Amino acid sequence: MEMADTNSMVDAKPLFSFLKRIFIEEVDKDLLLELQQITVSAEDNDLDRGFSLVGQAARANGDRLDDYVEELAVEFSRLFIGPKRAPAIPFASFYLTENRSVMSDVTVTVRKQYLEAGLAVQNLFQIPEDHIGFELEFMEYLLLRLQELEVAGDQEEIYRIDKLKETFFDEQLTTWVPDFADLILEHTNEDFYRGAAYILKETCQKH
Amino acid sequence: MNTTRRGFIKYSSILAGSVALSQSGMLSLKKLSPDEAKAATLAMDKYKIHYSACTMCPAECGMEMWVRNGQLEKIYGNSEVPMNDGTCCAKGSASQQLIYSPYRIKYPMKRVGERGEGKFKRVSWDEALDYIGKKLISIKKRHGAESMIMDCGDVTDRNPYYRLTFAFGSPNASEHGSICDVPRRHGPKLILGGKRIEPDLMTPKLVRQSDNSLKKEYGYKNKLIIYNGWNPFVATRIYYENRGTVGAQVENDCKVVVIDPALSNTASKADVWLSPRAGTDGDLFGAMLRYILDNDDPKDKNRSYIDWDMKKYVKGWDEFMDEFKSWYGKKDPINGLSYFSIDWAAERTGLEKKQIEDLSHQFGIIKPATLVWGMQSPGHHYNGYCCSVIGTVLNVITGNFDVPGGAIDCELVKCNKGGSFTGKQFKKKKITREVNGKEVEAEVEHLHMDLFGHKHPCAWDESVGNYPNAFMDGVDISYGPFRGYHYSIKAFFLRTGNAVYTAGPSYRWEDAIKAKDANGDYKLELMVVTDTLALESSLYADIILPEASFVERQSLSDIYPSHQVVYNRDAVIKPMYESKPPFEIMNLLAKKLHDLGDPDIKGEDFWEKYDKEEDFVDEMLAVSPGRVNVGRPLPYPQYPEGYKLYGTPDSLESGKAKVDDKNKKVNGTPLTVKWLREHNGVAIWPMSWYRYRKHDADEPNYAFPKTSSKMIEFVWDYEEDGKRKGRYAKHNKKIEESGGDVPLGLREIGFKKFPKTFFWFETKWNPHTNPDYKKYAKDYPFQVIGGKIHHSMSGTQMIPWLGQVKAEGTWQPLNEPFEAEVPEAVPGEGMKNMTMKFPANSFSVGTIMINDVDAKDLGISTGDLVELTNPLGKSTKGKIFATGGIRPGVIKLGFGAGGRWAPGMGPAYKSRKYTPYHNMLIDPDALSPIMGFPAFADMIVNIKKV
Amino acid sequence: MEDNHTQERRKFLQTAGAVLAGTVAAAGLAAEPAEAAQKKAPRWGMVIDLRRCVGCYSCQITCKMENSIPMVGFGAWVSTMEKGSYPKAERPFLPLLCNHCEGTEMVGRMQVPPCVKACPEYPKAERKVYLTPEGKKIRYSIGATYKRPDGAILIDNDLCIGCGKCIKACPYGARYFDPNVLLTRKDKEGKYGIGKCSLCVHRLDQGLEPACVKSCVGRSRIFGDLNDPGSEVSKLIKNNPVKVMKPDKKTSPNVYYIDLDDDLAALDEQANPKI
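Residue numbers (the working numbering), protein chains in the order written: chain A, 15 to 221; chain B, 22 to 967; chain C, 411 to 685.
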């Protein structure tokens with residue numbers, strides 16, 4: 015990725031904020047109400063496709079939002095949690111290690127990267143750090159930090175954080191998240207999560 | 022600018038306008054202070070060693086676990102724990118694949134579909150507990166607290182759940198022991214107050230020397246070990262029997278005989294393999310006893326079988342032998358022969374007469390010897406009680422009980438633990454119930470569904486196999502003060518067990534759990550499953566709670582030792598996801614019940630008393646070791662013989678422990694978690710033998726074993742000094758007080774009361790021994806036996822590494838091709854997730870072990886799919902593995918190794934259509950008469966190629 | 411009371427404990443007191459006493475755990491067979507691993523096994539230093555696959571070109587391509603590095619026995635110094651009839667078997683994929 019591109023990725027912070035919210039926990043009514051406002055005129059790429067699907071899904075269920083929130087919660091559990099074999103395991107280790115276990119070296123690498131930015135997960139050692147939601151939140155934080163640093167003009171720190179962000183994006187998110195998104199697409203008929211998967215896939219694609 | 026970049030900017034600006042969409046704040050990460058970040062960085066990459074224990078199987082070996090960066094990286098045996106002496110089996114080594122499995126239960130889940138459908142949604146702990154709490158309180162108001170059952174599955178860490186159940190007001194709590202090997206344990210329990218007779222093979226043993234020092238002794242004294250239906254190398258549980266058995270063979274020229282219809286791995290290492298028909302273990306033991314009694318001659322060195330000196334330590338020797346011999350005059354209806362004669366046994370077992378005579382003679386003459394019987398045989402037969410009684414008697418009369426190199430009842434000698442933490446005191450609470458129009462007041466314990474129920478009032482281990490019947494029909498109390506009371510079962514808690522799959526045929530469980538009343542509501546109003554893995558039973562739960570895995574919770578382990586050893590199972594990593602350890606679940610649910618207005622639950626008994634796990638483990642340790650100072654060499658010559666010992670090994674050793682003559686106790690410094698952590702995780706007190714004798718005279722010490730007379734009891738209901746004594750006495754009293762109302766179980770075998778001494782009855786579904794089933798012999802020519810496959814137990818067979826091992830003929834690489842996602846390295850792109858094809862016959866699955874000649878006669882060979890059908894019309898399918906290593910006419914299946922319908926089982930789930938489900942074949946109504954135990958090993962089938 | 415086997419094991423563990431406690435430098439294993447003066451490198455070897463093997467597969471899984479072996483590869487594995495007909499049936503077991511052969515062929519002044527001989531990237535000019543338990547330094551040549559002075563046959567995937575010749579050269583099937591190890595050399599011929607039993611040298615160098623020996627449930631695996639006549643392995647070899655795998659291949663293995671079943675050995679069951 016060119017440096018110029020990297021810098022401009024700062025603009026994408028809200029996208030990561032949005033995705034992290036979707037993949038850390040179940041959606042609520044407020045979120046669906048806001049999504050109803052999103053309309054897409056032409057579907058040129060997966061981002062368009064994705065936002066079109068989530069917007070339509072939110073509108074189509076506009077008169078039954080409470081039920082829809084409940085349905086999405088069940089689907090969230092089925093896809094990502096279990097107790098049946100969840101089809102889309104939301105941890106990087108699952109995709110990047112031989113035995114599909116979680117809490118692998120990958121987890122530790124991610125933990126170190128969080129530490130480099132002065133962060134740690136709130137419940138250390140309980141939920142592995144390479145959860146999709148955490149990784150997206152980390153990306154969100156790094157982009158936010160870059161915005162702040164640019165205002166402050168700390169070039170050395172900008173360089174460091176930017177490099178961290180670049181490494182994290184290239185070595186983590188792009189390596190497994192598209193596969194994760196494909197699994198969601200393969201295993202759900204729920205338009206909301208299909209849309210979310212398209213957005214996620216495009217956002218975490220190698221550029 | 023590419024399209025993606027344009028899209029980023031476009032949608033980001035749309036999202037940025039909405040708080041709900043883009044400003045949820047930090048949900049999972051937190052900022053560290055510079056100091057915190059520095060400390061965290063310094064701790065990175067360093068190993069910390071924890072001493073803990075394994076519970077991948079019930080052997081619970083001592084472990085050394087290496088943790089780095091909060092992650093469990095290496096697992097080894099703890100060399101200070103004599104159970105495993107530093108070794109670690111395949112399954113223990115594979116623990117990480119379970120702990121870090123992506124298929125763990127991670128959050129509390131609430132059912133949204135029908136029971137069994139498997140539709141759930143994640144809920145918060147508070148929501149889950151609130152749901153459970155409100156249901157429980159409502160059920161208690163309408164049906165009484167006793168209508169709740171707590172089935173703990175694992176014995177391990179059951180205590181917090183038991184405590185909560187008893188405090189809530191229900192006496193109905195059970196664990197997996199009730200569906201494990203109840204008839205096997207019965208003989209030792211009646212005769213010794215113990216459970217399991219095992220060879221003296223644990224090493225090292227800490228032994229008092231003549232110079233008063235303590236020394237770790239290695240080496241073996243055993244000369245003969247007979248394992249009947251016991252396969253320690255595969256159903257590994259008494260872990261030291263692995264290295265001990267082969268060690269005694271190599272180092273002490275010990276002879277090993279294995280009696281098993283199938284060539285188990287243990288049999289493959291034996292000097293002699295005898296393969297009788299299934300379910301004739303008791304017949305063989307009976308013939309051995311008769312041979313020894315008939316041929317014993319104290320004057321002939323070559324026939325001096327019986328240690329007549331043992332009579333001094335036995336109560337009821339003559340009564341037992343008279344009753345046993347009274348059967349000689351009876352003719353067995355199936356063959357017209359005299360009971361327990363060699364001819365009779367040869368006819369029934371299918372062994373040659375000479376084999377039986379040789380076995381009997383050798384067991385009589387070679388000393389020290391141990392006769393061991395296992396789970397897979399007497400343990401799983403309807404009449405296994407008879408076998409375990411005779412086996413215990415054989416060990417005693419030949420002078421092998423508790424001698425060096427002989428037979429040790431490990432239950433009698435293990436460290437005491439638990440104390441008041443187990444909550445037994447709550448069962449003494451007085452309550453009132455209206456019985457036949459009258460108010461009756463008595464203790465909670467008198468409502469126990471089994472001990473006072475109409476079926477098996479002697480079931481001290483509970484009858485989990487009967488639970489489905491109780492869900493359907495409720496409980497009839499026939500004995501004790503509440504006689505005549507009826508109650509329903511409305512709430513079922515299942516914790517780390519998989520009763521629907523393992524505790525009898527699943528269809529009986531499914532029917533009962535899904536049964537609805539006239540209003541369309543489930544009769545069983547609440548089912549909660551607490552577990553680490555999502556097994557079959559969880560699919561039926563209303564609420565699933567995630568329990569911390571065994572390395573994430575703390576407690577104690579001390580299974581089956583030769584003397585008192587207890588070790589700390591430390592929590593070595595934090596509970597993952599939102600899982601919680603049992604003690605925390607106990608406190609949270611207790612608090613919830615209290616907050617919802619349950620008057621029986623008090624803070625002082627739970628959350629105010631136990632702040633952290635160490636608090637309750639310390640309370641459990643306060644009664645350790647809690648065993649008497651007996652045997653040779655006397656463990657502590659500095660203290661009076663026969664006094665109960667309490668406290669750390671070093672405080673007792675120092676000689677400064679306080680002697681309490683009034684209560685016959687020696688009180689050292691109480692053992693604590695802290696002490697254990699400072700001593701490699703383990704406390705060991707000295708070994709001794711002849712623990713039933715005075716240390717300096719050949720007389721009973723009346724302090725050991727754990728019977729009412731503190732002697733070895735061959736009689737179980739007798740009077741002495743005006744007192745009713747013996748293990749069955751109180752149960753017979755219940756029957757007498759009811760006016761002679763015979764329990765259902767005893768009625769089945771024509772008994773009116775529990776027998777005073779030796780008894781005999783036939784097993785079920787055995788056409789070779791029970792005339793009732795002779796008619797099935799032709800159409801159902803194969804007996805089915807089962808066995809635990811260590812590598813593929815109910816939960817652990819989802820571990821990929823264990824699919825790469827083979828076990829006997831029941832866990833073999835006979836898979837059909839399947840796909841699984843496996844990451845592969847792609848140059849330039851790093852690791853990439855790819856779908857990997859597992860070719861046929863590369864991954865082990867549950868199989869059917871069959872004799873190769875039988876297979877040939879049926880026109881089938883290894884890998885062929887067959888259907889097994891029993892006389893009840895039930896069937897299961899599986900692939901066969903043909904081998905010379907099994908008796909013709911017998912087939913063997915692994916327990917828990919087939920037909921898995923829980924998707925969380927991974928590869929095992931994928932093979933469900935061609936792997937046999939053993940429990941599908943067993944008779945759901947064959948609950949053994951004394952304790953209500955499912956007759957897992959009494960069935961016959963025919964075989965058809967599919 | 412204690413047999414030699416046990417004494418040796420306990421000494422091993424004492425050494426291990428000391429190292430773990432951080433009080434002893436990671437210099438190697440303690441030698442027999444009587445032989446403490448010996449100067450040459452140990453020659454590590456293993457005796458697998460099949461009278462004591464309970465067929466549990468612990469070695470196979472422990473190795474996977476200890477060395478992060480991929481699903482498709484095996485550093486240790488167990489072979490078994492159903493033999494004979496009822497009632498004379500048998501089920502022998504045979505735990506296998508790299509034999510860490512002495513070898514009979516010479517490369518320069520070094521006697522090496524076929525796998526090292528086959529390696530086009532051996533020897534390299536660079537030399538490394540091996541520190542004996544007594545602290546004596548011994549220089550030795552390295553390569554993509556090479557032999558350490560204590561007999562361990564090791565690999566260095568930084569030097570490997572992925573040609574697979576060592577895999578083909580090993581008569582025991584002890585080597586595999588590791589899909590998780592990507593080669594880094596620009597002139598590589600294949601993608602993947604080589605995996606095999608390392609004799610757990612990372613543990614040996616800390617004074618600990620190999621993980622498969624530590625875990626061995628039946629105490630069937632006995633490990634020690636074949637150069638030391640007082641070691642348990644030397645005594646077992648002296649006092650028992652022992653066999654090695656495929657003696658016809660003249661590889662001079664350092665892994666010996668007591669009570670080997672010839673039929674099972676002849677089966678030559680190899681867990682690693684053939685290439």
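The hints are simulated quantities; they were obtained by calculation from the structure and are not laboratory data.
A quick note: this is a predicted structure, and the numbers were derived from the prediction, not measured.
The C-beta atom is built at its ideal place from N, Cα and C for all residues, glycine as well.
Wrong hints could be hidden among the right ones.
For lysine-lysine, the following DSBU-like pairs were computed, each having C-alpha atoms within a straight-line distance of at most 30 Å [unchecked claim]:
| no. | chain 1 | residue 1 | chain 2 | residue 2 |
| --- | --- | --- | --- | --- |
| 1 | B | K237 | C | K648 |
| 2 | C | K538 | B | K95 |
| 3 | B | K67 | C | K493 |
| 4 | C | K648 | B | K374 |
| 5 | B | K51 | A | K177 |
| 6 | B | K683 | A | K98 |
| 7 | B | K244 | C | K493 |
| 8 | A | K220 | C | K493 |
| 9 | A | K220 | B | K459 |
| 10 | B | K237 | C | K547 |
| 11 | B | K333 | B | K827 |
| 12 | B | K827 | C | K598 |
| 13 | B | K965 | C | K498 |
| 14 | B | K320 | B | K242 |
| 15 | A | K177 | B | K59 |
| 16 | B | K67 | A | K126 |
| 17 | B | K31 | A | K220 |
| 18 | C | K498 | B | K67 |
| 19 | B | K67 | B | K346 |
| 20 | C | K645 | B | K966 |
| 21 | C | K648 | B | K244 |
| 22 | C | K527 | B | K827 |
| 23 | B | K140 | B | K155 |
| 24 | A | K98 | B | K934 |
| 25 | C | K645 | B | K244 |
| 26 | B | K155 | A | K177 |
| 27 | A | K126 | B | K333 |
| 28 | C | K498 | B | K375 |
| 29 | C | K653 | B | K877 |
| 30 | B | K877 | A | K98 |
| 31 | C | K547 | A | K220 |
Covered by chain A, per the in silico footprint, the following chain B stretches (three or more residues, Cβ under 8 Å) [what the hints assert, rightly or not]:
| no. | stretch |
| --- | --- |
| 32 | 42-49 |
| 33 | 55-69 |
| 34 | 589-599 |
| 35 | 767-777 |
So, going through the hints one by one against the coordinates:
{"no.": "1", "hint": "B:K237 with C:K648", "result": "holds (28 Å)"}
{"no.": "2", "hint": "C:K538 with B:K95", "result": "holds (29 Å)"}
{"no.": "3", "hint": "B:K67 with C:K493", "result": "violated (49 Å)"}
{"no.": "4", "hint": "C:K648 with B:K374", "result": "violated (43 Å)"}
{"no.": "5", "hint": "B:K51 with A:K177", "result": "holds (21 Å)"}
{"no.": "6", "hint": "B:K683 with A:K98", "result": "violated (59 Å)"}
{"no.": "7", "hint": "B:K244 with C:K493", "result": "holds (28 Å)"}
{"no.": "8", "hint": "A:K220 with C:K493", "result": "violated (56 Å)"}
{"no.": "9", "hint": "A:K220 with B:K459", "result": "violated (79 Å)"}
{"no.": "10", "hint": "B:K237 with C:K547", "result": "violated (38 Å)"}
{"no.": "11", "hint": "B:K333 with B:K827", "result": "violated (49 Å)"}
{"no.": "12", "hint": "B:K827 with C:K598", "result": "violated (37 Å)"}
{"no.": "13", "hint": "B:K965 with C:K498", "result": "holds (27 Å)"}
{"no.": "14", "hint": "B:K320 with B:K242", "result": "holds (25 Å)"}
{"no.": "15", "hint": "A:K177 with B:K59", "result": "holds (21 Å)"}
{"no.": "16", "hint": "B:K67 with A:K126", "result": "holds (13 Å)"}
{"no.": "17", "hint": "B:K31 with A:K220", "result": "holds (19 Å)"}
{"no.": "18", "hint": "C:K498 with B:K67", "result": "violated (54 Å)"}
{"no.": "19", "hint": "B:K67 with B:K346", "result": "violated (69 Å)"}
{"no.": "20", "hint": "C:K645 with B:K966", "result": "violated (54 Å)"}
{"no.": "21", "hint": "C:K648 with B:K244", "result": "holds (26 Å)"}
{"no.": "22", "hint": "C:K527 with B:K827", "result": "violated (35 Å)"}
{"no.": "23", "hint": "B:K140 with B:K155", "result": "holds (22 Å)"}
{"no.": "24", "hint": "A:K98 with B:K934", "result": "holds (18 Å)"}
{"no.": "25", "hint": "C:K645 with B:K244", "result": "holds (25 Å)"}
{"no.": "26", "hint": "B:K155 with A:K177", "result": "violated (53 Å)"}
{"no.": "27", "hint": "A:K126 with B:K333", "result": "violated (70 Å)"}
{"no.": "28", "hint": "C:K498 with B:K375", "result": "holds (17 Å)"}
{"no.": "29", "hint": "C:K653 with B:K877", "result": "violated (37 Å)"}
{"no.": "30", "hint": "B:K877 with A:K98", "result": "violated (41 Å)"}
{"no.": "31", "hint": "C:K547 with A:K220", "result": "violated (50 Å)"}
{"no.": "32", "hint": "42-49", "result": "holds (count 7)"}
{"no.": "33", "hint": "55-69", "result": "holds (count 6)"}
{"no.": "34", "hint": "589-599", "result": "holds (count 6)"}
{"no.": "35", "hint": "767-777", "result": "violated (count 0)"}
Checked against the numbered hints above, the structure breaks hints 3, 4, 6, 8, 9, 10, 11, 12, 18, 19, 20, 22, 26, 27, 29, 30, 31 and 35 and satisfies the rest.
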